[in-house]
Amino acid sequence: MSLLALVRWLNETSLSIYLRESEVAFPLTEAVHLLGLAISVGTVMWVDLRLMGICMRGERVTDVVSRLEPWAGFGFTVMMGSGLLLFLGKPETYYTTAVFRVKMLLLPLAGVNVWFFHRKVYTSVARWDEKAVVPWQGRLVGWVSIALWMTIIVLGRWTAYFADELFRRAK
Amino acid sequence: MNHLLPQSFFHWCVNTPLARLISQSMWGFAVLETVHLIGLTLLLGSIFVVNLTVLGWGMRQPAARLVRQVTPWALAGFLLMIGSGVPMFLSAAVTYSGSIPFVIKMALLLSAIALQFTIHAGRYAGSAVGKVTAGLALLCWFGVAYAGRGIAFEVLFGTGAG
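As they're listed, the protein sequences go chains A and B.
So for the first sequence, my numbering puts the first residue at 577; every next one is plus one.
So for the second sequence, my numbering puts the first residue at 11; every next one is plus one.
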């Protein structure tokens, strides 16, 4: 089965139709997605800024990471859950929206960045835990993370515009 | 809100040059909403971490030191939100004048700001009162965001308000 066929099949499931047609489900899910954004990117940005050497330079890197990562994880779980429901509501519309496709390509990259940080950079944290300026690999992870998330936020907002029925009809 | 202020005020708003510019441009409102969202991430991200720390669930450092470090970011976020929020209001003031979610958002915003400054007055540092205030403020801030999303849909708690 091709991806498009799968998306078309999803589009006609009763869950998808309910999410799409209910007056409550879609706005509520989008609001949860927004609150999840504040918790996820709102906490991960402090880890990034610490790694970049821009904020909290006097705090231990391990303190910032260990205290904020659980909240970031919680926030991203909320984002994934609500995002999946948003997608299930209009799978075919989103699948055919270009900005959404770019967003879906960037999300795994953000995951790879976190993986790279924990497997290749954070392992030697004991040597630079208290340093204001961390090794370049760490600074790179911070910059990449911030750039990816800001782009993903913008693409997410614009997905809602380009997927909007009024816009699609005008096009 | 149309009972709080005269209708002529809202009509004046939508006729200001800035409001006309936004409503005539195709992407003006969309760009403002995007800026509003980036501002929200900075501001709520700052407040979330600070209030969690006051509650004892956030950073290990003293809350006062954390506040000094995050204030520039919170301020930047706040300026982005005001700088995009006021033009959005101007461009759609007549619509917003009848919006219940908008009135709720403004009420929650004032409460959130008042509670936040109560925490930072410092008298309640580490006390139970301080923690309750931090928790309430956090609820209000998230309520502001929630009601804000509700303005676009004219829906709050699942009931049509528009």
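These are computed hints drawn from the structure, not numbers from a lab.
It is possible that some hints are incorrect.
In silico lysine to any residue, SDA-like type, Cα no more than 20 Å apart, as pairs [said to hold, decoys possible]:
(1) A:Lys707 x B:Thr44
(2) A:Lys679 x B:Arg75
(3) A:Lys707 x B:Gln71
(4) B:Lys141 x A:Lys679
(5) A:Lys707 x A:Trp647
(6) A:Lys707 x B:Arg70
(7) A:Lys679 x A:His694
(8) A:Lys679 x B:Gln71
(9) A:Lys679 x B:Phe163
(10) A:Lys666 x B:Lys141
(11) A:Lys666 x B:Val45
(12) A:Lys679 x B:Arg70
On the chain B side, residues computed to face chain A include the following (Cβ under 10 Å) [claimed, not checked]:
(13) Leu14
(14) Leu15
(15) Gln17
(16) Ser18
(17) Phe19
(18) Met69
(19) Ala122
(20) Ala124
(21) Phe127
(22) Ala162
Where is the CB? At the ideal position from N, CA and C, for every residue including glycine.
Now the hints, each set against the structure:
1. As the CA atoms of A:Lys707 and B:Thr44 are separated by approximately 35 Å, the hinted pair breaks the 20 Å bound.
2. For the proposed pair A:Lys679 and B:Arg75, the alpha carbon gap of about 36 Å is over 20 Å, so the pair is violated.
3. Restraint check: the Cα-Cα separation between A:Lys707 and B:Gln71 comes to about 16 Å, which is no more than 20 Å; the hinted pair holds.
4. Proposed proximity of B:Lys141 and A:Lys679 is contradicted: the alpha carbons are some 38 Å apart, above 20 Å.
5. Of the supplied pair hints, the one linking A:Lys707 and A:Trp647 is violated, its CA atoms being roughly 24 Å apart against a limit of 20 Å.
6. As the CA atoms of A:Lys707 and B:Arg70 are separated by approximately 17 Å, the hinted pair is consistent with the 20 Å bound.
7. Of the supplied pair hints, the one linking A:Lys679 and A:His694 is violated, its CA atoms being roughly 23 Å apart against a limit of 20 Å.
8. As the CA atoms of A:Lys679 and B:Gln71 are separated by approximately 35 Å, the hinted pair breaks the 20 Å bound.
9. Between A:Lys679 and B:Phe163 the alpha-carbon distance is near 24 Å, which puts this suggested pair outside the 20 Å criterion.
10. Proximity of A:Lys666 to B:Lys141 is assessed by CA-CA distance (about 42 Å); at most 20 Å being required, the pair is judged violated.
11. Simply put, A:Lys666 and B:Val45 have alpha-carbon atoms about 25 Å apart, too far for the 20 Å limit, and the pair is violated.
12. The straight-line distance between the Cα atoms of A:Lys679 and B:Arg70 is roughly 34 Å, outside the 20 Å bound, and the hint therefore fails.
13. Residue-level restraint check for B:Leu14 is violated (minimum Cβ-Cβ distance to chain A is 25 Å; threshold 10 Å).
14. At a threshold of 10 Å, the smallest CB-CB gap from B:Leu15 to chain A is about 27 Å, leaving the interface hint violated.
15. Interface hint at B:Gln17: violated, since its Cβ lies 27 Å from the closest Cβ of chain A, which is beyond the 10 Å cut-off.
16. The interface hint given for B:Ser18 is broken, as the beta carbon of that residue sits about 30 Å from the closest beta carbon of chain A, more than 10 Å.
17. Below 10 Å, beta-carbon pairs count as interface contacts, and B:Phe19 has none with chain A, the closest being about 28 Å; its hint is therefore violated.
18. For the restraint placing B:Met69 at the interface with chain A, the shortest Cβ-Cβ distance is roughly 5 Å, inside the 10 Å limit, so the hint holds.
19. A distance limit of 10 Å between C-beta atoms decides the matter here; for B:Ala122 the minimum to chain A is near 13 Å, and the interface restraint is violated.
20. Hint status for B:Ala124 relative to chain A: violated, with the closest Cβ pair at about 20 Å, above 10 Å.
21. At about 20 Å, the closest approach between the beta carbon of B:Phe127 and any beta carbon in chain A exceeds 10 Å, and the interface hint on this residue is violated.
22. Among the interface hints, the one on B:Ala162 holds; its C-beta lies about 8 Å from the nearest C-beta in chain A, closer than the 10 Å criterion.
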